[in-house]
Amino acid sequence: MSDTSDDQGIPAPEGSADIIETDYVIGQDNIEKQIGPFGLDIHNPVFAISGLAVIVFVFYTLALPEQAGSVFSWLFDSVTKGFDWFFLGAANIFVIFCLLLIVTPVGSVRLGGADATPDYTYAGWFAMLFAAGMGIGLMFYGVSEPMSHFSSSIGGVAMGENGVRTDWAPLGGAEGNEEAATRLAFAATIFHWGLHPWAIYAVVALALALFSYNKGLPLTIRSAFYPILGERVWGWPGHIIDVLAVFATLFGLATSLGFGATQANAGLNELFGIPVSSTTEVILISAITAVALVSVLRGLDGGVKVLSEINMGLAFLLLVFVLLTGHTIALLTGFVDYLGAYLQYLPALSNPVGREDVNFMQGWTSFYWAWWISWSPFVGMFIARVSRGRTVREFIVCVLLIPSLVCVLWMSVFGGNAIQQVLNDGYTAAQDADLPVKLFKMLDVMPLASITSLIGIVLVIVFFVTSSDSGSLVIDTITAGGKVDAPVPQRVFWCVFEGAVAIVLLLSAGGLSSLQSMVISTGLPFTIVLLIMCWAIWRGLTAERRNT
Amino acid sequence: MFERIMVPVDLTHAERLEKALLCAADLAAHYGATVIYVGVTTEQPSAIAHTPKEYAEKLSAFAADQAALRGISTEAKAYASHDPSIDLDPTLLKAVGEVNADLVVMASHIPNIADHWWPANGGSIATEAKISVMLVR
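Line order of the protein sequences matches chains A and B. Going letter by letter, the first sequence gives residues 1 to 548 in UniProt numbering. Going letter by letter, the second sequence gives residues 1 to 137 in UniProt numbering.
Since the hints were made in silico from the structure, they are not lab data. Check before you lean on any hint, since a few could be wrong.
[What the hints assert, rightly or not] Cross-link-like lysine to aspartate or glutamate pairs, in silico, EDC-like; alpha carbons within 16 Å at most:
#, chain 1, residue 1, chain 2, residue 2
1, B, Lys77, B, Glu57
2, B, Lys94, B, Glu128
3, B, Lys53, A, Asp119
4, B, Lys53, A, Asp115
5, B, Lys19, B, Glu3
I would like the entire structure built from these sequences, with the hints used as guidance.
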């Protein structure tokens, strides 16, 4: 049994008993080759299958755009509408599971073992998990989402002929009542960016960290399935899980890269009058990929970490700026008020069955849950990579509670200020603008608008660089069978490949949106994967306790 | 002339290091120096070890084997790195100072290891280290 080296009786990390005994050697299925000056160390067959599958799907959407479009939108509709109850129910389970881990004794198990010391400081760790997790979404939806819910709530309920609601208001709406509509809008927004998404990430990250750092299995998605599949996890069932994860990560990144280029282009147009065109967007994607390459070559500490910290600093400055020069008092009281509204409406918003606000539930909530879940292999794996040395309790608090609070703050300030502009100043440009431009319209009537808008664009771009970089890192690790020290040219390959896929899809009509539907559809099988992970985590953690 | 000879080793491919190991051992015997084997591992499980601690134990065992085999005095020093593909050079340079070495003997151009040291790892150590570096090919 393992040596117990602290008062809590948590097994020592490096003790032999908590390591899962398997004959599998990391890298045993890998192909190591020297091609010209470049070395290669890739998993057979995960690398080849993922690469080829991506190429096949890209060609399919290019060759038959209409057919692909209708297939994917059918898939998207059936997933988000037919399984809305499943997504909502599962997400609730993840939140409850994570909260339970905080209060139960297994919370004191340390990732990497009792003697492990954290690899990163709180600041660096937090910056990285935030930048990978949702930095870009906060830029995109910070103003636009609260604004959308506000508009639909104040419009009230509208019934269609067949007795199904046609409005998009959350719950019962708040017809004509500005104060109630604002509270409901923020409750709904915080619901989508608070505990639930971070619980989804936390489950994946914790499963990977636990089975890698404490059980000694390779850092790839399949390892979390060892308790269920046993040795078979190294064969085809495992290959399929890993390929799916690569697939979701690569397409998730490529589509986001495309949409991010759209927002950056809209911002540049607003600020400098640079035309909105696919040429500009292709240049933007190429530039983002080039910067990401530099970051890839500088490694985890010199690249992603530094960029994440710079970005968190910039984002914080922008937040403070909007807070101080905007409707300060209203925003400060709003933060507490909206947090209260979130808790008040949480039971109703998270209720998976018997809902009347179908448009809101399927079009917003169900869509978001599928989206977070399809991103979870990527973000979860990245979080796992940087979280060694934290206790489970510390991990959950920092991955679940603190980011949720930061999201509440961000949304209250950015969205709150835009709504205050409508209510108090009669300024409706942000309300009327297209989704990508709302942020810039809100900043437009504030002091130093050209500087803050520029910071906004820089933030969007740098968040994409960090996503592209950390995504390459994750895909490379999975396609190298869990080896984190595979040759650097492989990372470069994946980084360039992501950029290329994004450009090809951007240039084809409807390519990005059909692929986004595709990514979201992968959320369904992954929800089942995540539910199984919860069980695996529980088994893994309680085994650690018994070793005392 | 030399008292402490540092030899970077990759335990995963130890068999391919034979020439460098032999060379370092001969120099150590000649000058009565100590050989310090330095290994850099990942914090994640690797082919050679589940944890950094297990890696350090294996490296110590390797050093002890070499001492018995070659009749020289040896030490081992293991480093865990966040991102060894990129951080290998700086980690080895840090090791030069920390183990107080006055000579580095290292293998170069081994398939795959050459890629860890991308571009030309031995070369960059020789460029940046303040002490003598001998590359064995």
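Checked against the structure, which of the hints given earlier come out wrong?
The structure breaks only hint 5.
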